[in-house]
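Please build the complete structure, drawing on both the sequences and the hints.
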Amino acid sequence: MLFPSPRPSKAPPRIVITGAGIVTALGIGWRANANGFRAGRQAFRPVTLFDVSRQRAKIAAEVDLPQPFPPIQLSEKRLTRLDRATKMLLLAVQEAWSQAGLTPGENLPLVLGTTSGGMALAESYLRHAIHSPQSQRQQATRVMNYQAQRQALDVCDAFGFSGPITVISNACASGANAIGHAWELLRAGHAEQALTGGHDALCQITFAGFDSLQALSPTPCRPFDARRDGLSLGEGAAILVLETLDHARRRGVEILGEIISYAAATDTYHLTQPHPQGDAAFTTMKAACARADITPEQVDYINAHGTATLQNDSTEAAAINRWAGARVATLPVSSTKASIGHLLGAAGAVETLVCLMTLCEQWLPPEIALSETDPACGFPIVSQPTDARVNVALSNSFGFGGANATLIFRRWT
Amino acid sequence: MSRVFVHGIGAVSPAGWGIPTLREALKKGAPLPTQALTRPGWSKPFQVRTVPAPARRQVFLAHPRLRRASAITQYTVGASREALGEDVGRVQNGELRLGIVVCLMPGCVTYSRRFYEEVLSDPATASPLIFAETVYNAPASHLAAFLNSGTISYTLVGDDSSFLQGLALAAGWLLNDQADGCLVVGADEMDWVVADAVHLFERQSVQGAGAGALYLRKESSAKPALELACITDAFLFSTAGARSAAAQRMRAQLPECNPRELLCLGTQGIARADADELAAWTDWTGARLAPKQLLGEAFTASAAWQCIAACDALGRGDFNAVNVSIVGVNEQAIGARFVNPNFL
Numbered sequence: 001m002l003f004p005s006p007r008p009s010k011a012p013p014r015i016v017i018t019g020a021g022i023v024t025a026l027g028i029g030w031r032a033n034a035n036g037f038r039a040g041r042q043a044f045r046p047v048t049l050f051d052v053s054r055q056r057a058k059i060a061a062e063v064d065l066p067q068p069f070p071p072i073q074l075s076e077k078r079l080t081r082l083d084r085a086t087k088m089l090l091l092a093v094q095e096a097w098s099q100a101g102l103t104p105g106e107n108l109p110l111v112l113g114t115t116s117g118g119m120a121l122a123e124s125y126l127r128h129a130i131h132s133p134q135s136q137r138q139q140a141t142r143v144m145n146y147q148a149q150r151q152a153l154d155v156c157d158a159f160g161f162s163g164p165i166t167v168i169s170n171a172c173a174s175g176a177n178a179i180g181h182a183w184e185l186l187r188a189g190h191a192e193q194a195l196t197g198g199h200d201a202l203c204q205i206t207f208a209g210f211d212s213l214q215a216l217s218p219t220p221c222r223p224f225d226a227r228r229d230g231l232s233l234g235e236g237a238a239i240l241v242l243e244t245l246d247h248a249r250r251r252g253v254e255i256l257g258e259i260i261s262y263a264a265a266t267d268t269y270h271l272t273q274p275h276p277q278g279d280a281a282f283t284t285m286k287a288a289c290a291r292a293d294i295t296p297e298q299v300d301y302i303n304a305h306g307t308a309t310l311q312n313d314s315t316e317a318a319a320i321n322r323w324a325g326a327r328v329a330t331l332p333v334s335s336t337k338a339s340i341g342h343l344l345g346a347a348g349a350v351e352t353l354v355c356l357m358t359l360c361e362q363w364l365p366p367e368i369a370l371s372e373t374d375p376a377c378g379f380p381i382v383s384q385p386t387d388a389r390v391n392v393a394l395s396n397s398f399g400f401g402g403a404n405a406t407l408i409f410r411r412w413t
Numbered sequence: 001m002s003r004v005f006v007h008g009i010g011a012v013s014p015a016g017w018g019i020p021t022l023r024e025a026l027k028k029g030a031p032l033p034t035q036a037l038t039r040p041g042w043s044k045p046f047q048v049r050t051v052p053a054p055a056r057r058q059v060f061l062a063h064p065r066l067r068r069a070s071a072i073t074q075y076t077v078g079a080s081r082e083a084l085g086e087d088v089g090r091v092q093n094g095e096l097r098l099g100i101v102v103c104l105m106p107g108c109v110t111y112s113r114r115f116y117e118e119v120l121s122d123p124a125t126a127s128p129l130i131f132a133e134t135v136y137n138a139p140a141s142h143l144a145a146f147l148n149s150g151t152i153s154y155t156l157v158g159d160d161s162s163f164l165q166g167l168a169l170a171a172g173w174l175l176n177d178q179a180d181g182c183l184v185v186g187a188d189e190m191d192w193v194v195a196d197a198v199h200l201f202e203r204q205s206v207q208g209a210g211a212g213a214l215y216l217r218k219e220s221s222a223k224p225a226l227e228l229a230c231i232t233d234a235f236l237f238s239t240a241g242a243r244s245a246a247a248q249r250m251r252a253q254l255p256e257c258n259p260r261e262l263l264c265l266g267t268q269g270i271a272r273a274d275a276d277e278l279a280a281w282t283d284w285t286g287a288r289l290a291p292k293q294l295l296g297e298a299f300t301a302s303a304a305w306q307c308i309a310a311c312d313a314l315g316r317g318d319f320n321a322v323n324v325s326i327v328g329v330n331e332q333a334i335g336a337r338f339v340n341p342n343f344l
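Those protein sequence lines, which keep their order, are chains A and B. Be aware that the first sequence starts at 1, since it is given in my numbering, and climbs by one per residue. Be aware that the second sequence starts at 1, since it is given in my numbering, and climbs by one per residue.
Just so you know, these hints were derived from the structure itself, not from any lab. Idealized CB from N, CA, C, for every residue including glycine. Watch out, some of these pointers could steer you wrong.
Each pair of labels, with its calculated beta carbon distance range [said to hold, decoys possible]: (1) A:S53 to B:S43: 33 to 39 Å; (2) A:P66 to B:N148: 57 to 63 Å; (3) A:G252 to B:E86: 53 to 59 Å; (4) A:G325 to B:D318: 54 to 60 Å; (5) B:A242 to A:I255: 31 to 37 Å; (6) A:R54 to B:E202: 52 to 58 Å; (7) B:W42 to A:P6: 48 to 54 Å; (8) B:A275 to A:G252: 44 to 50 Å; (9) B:S43 to A:K77: 31 to 37 Å; (10) B:S127 to A:G325: 18 to 24 Å; (11) A:S98 to B:A36: 34 to 40 Å; (12) A:S98 to B:Q92: 48 to 54 Å; (13) A:R291 to B:E24: 43 to 49 Å; (14) A:H128 to B:N148: 24 to 30 Å.
Derived SDA-like pairs: lysine to any residue, alpha-carbon spacing no greater than 25 Å straight-line [stated by the list, open to error]: (15) A:K286 to B:E24; (16) B:K44 to A:H128; (17) A:K77 to B:S238; (18) A:K77 to B:L200; (19) B:K218 to A:D51; (20) A:K10 to B:D177; (21) A:K58 to B:K218; (22) B:K218 to A:H190; (23) B:K218 to A:S5; (24) A:K77 to B:A240; (25) B:K218 to A:I130; (26) A:K10 to B:L200; (27) A:K286 to A:Q139; (28) A:K77 to A:S5; (29) A:K58 to B:D177; (30) B:K44 to A:Q139.
Structure below.
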């Protein structure tokens, strides 16, 4: 039953990560991405997926999908109908699934975050409906497959498990909300394992939308730089296998890290702009720390939302300054959007994996292109490849509509 | 304490703005009249059931965040205000932490279509004001802003069954003390592009639009109390063939027929579309209600109206318990049960 939930008789269980899969413009899989993030490599290039000749910005961080697509348990017919977003999602699931040693079965909650699902198919549907209304060839396929729940069902069918499925669309915080919600499901006793993360592919409507808002930079984005002039878009997917600690120990699987807290709040200031003082961001960081019973002094690294828009970065800087107090002057912060762009619904999930990489491999991801840190930042921005002792990492995600989320992770030793 | 109660209900539907209009339509039991919706490139329009304009201008639409908002947001806020009742003020004053879950299927499709049409025409001149309204969580965001609610808010995307998932999620927030009250909204809006898409799969389906809201609390002041007794597991199906089995499994988790109980179905009155759900409930010989047959197919809003109709019947004391059956369009089958605890 989804309700009432089985109430654990004791304190909520600890939740650990036993599988991780990632696809970004830096590459496919943990190793390619860890190497890229550690070096601060930038993966932007001219957009090839659609026409951007009339847009102000013309670059993005596109993913090179493998050709041919790796074997997967879906029929040839169904494979040919998959859009880019689903393919990236399946690749990320495959890596996480394999690493965690999961097997087909029932009651494996799947919690995904996305902003646009298979929007490229919806665009194709609408173009066709407008330009060739009397011809409905393949229109049903486009309608069926653009929907986010269909992509989740593709995952279930490809890996042989049955949900429940939850798709959260909280704009650019979707991925973080999805992971946080999966964490809460396991703590509430709904299941002992969950598959969670986020995915989004580049599409014309989103690109044109951010361009219309003049939020896109014509050059690779520079989060927290004094001369930043907007964000860059990217695409990708990241998936985690979450598990109760007892369950992971019983299975004898490798533990990659632990999620120790999550908090979410809503910024009601404006539909597309954050509150200038970052009140909701401050609230989520504070609440997440309180829930984990830790202080800012115990946080070793922040993976900031850091989109490189004027408003976001100044707001987030204000919130971090206020939340961190005396710790702020020595607290390393970076935004890995400098490497792969803003992945929207996938951002929080990919940035969770980056935090996991820093915990597992003990380095900090730099922003190589940073030239002059915004004086609003009371904290140091990691600008060079850096080895570091990282026991606790915090990730912020904020989105259109005021969705704010903070996740906190701990190294597993 | 692990009990959750329905504290308030609200609806905007093709019957009108407010629960009384919905109640009246259900009482009459006749399908509401349809209206013509132009379909570009075709001479024959769709027949749909739109939301009528309110009898008088809704004052809340003067809120700065709602003046340019899309229809789906207006429906969301309208239904939510009604469900919250006097607690609107308590939320706005910060006295009550309100969790918000908005469930959508097509979602903000009207502004998405308009924006993409502008992009196709010339992306350099596409309107940023419209783009902001295309985002799935725009209705939830506007609702939170209207209520001045900074508490947690999720937008769920899925088929009509996702509304019951939203109820389960909200119940979890209440029981974990993440909120003092939770508003769960199902909302979808009318657009030719949605009617066109539905038409590809079921030509007899009549598109509807609107929103429904349930306001949940851990305690009840309503008389009689309306308790959320259970929400079944979610039974997935990715093929039409598996839909029937999912419906059967959902049905198996709800009680056997009882003459003092109501069954609230999601059927449309279309043999092919309804077959799986009706087959799952062949054993139910008691009272039945199917709001979608009167109001049209409005996805998550329809699911919300089912729950609202069920709770309204329970609240009138007509039944001791009501079971809600939702065999979704293309994702999963889920059921729910509401009870009057005085009869347990």
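>> To test your reading of the hints: which numbers does this structure violate?
In response: 2, 6, 10, 11, 14, 15, 19, 21, 25, 26, 27, 28 and 29
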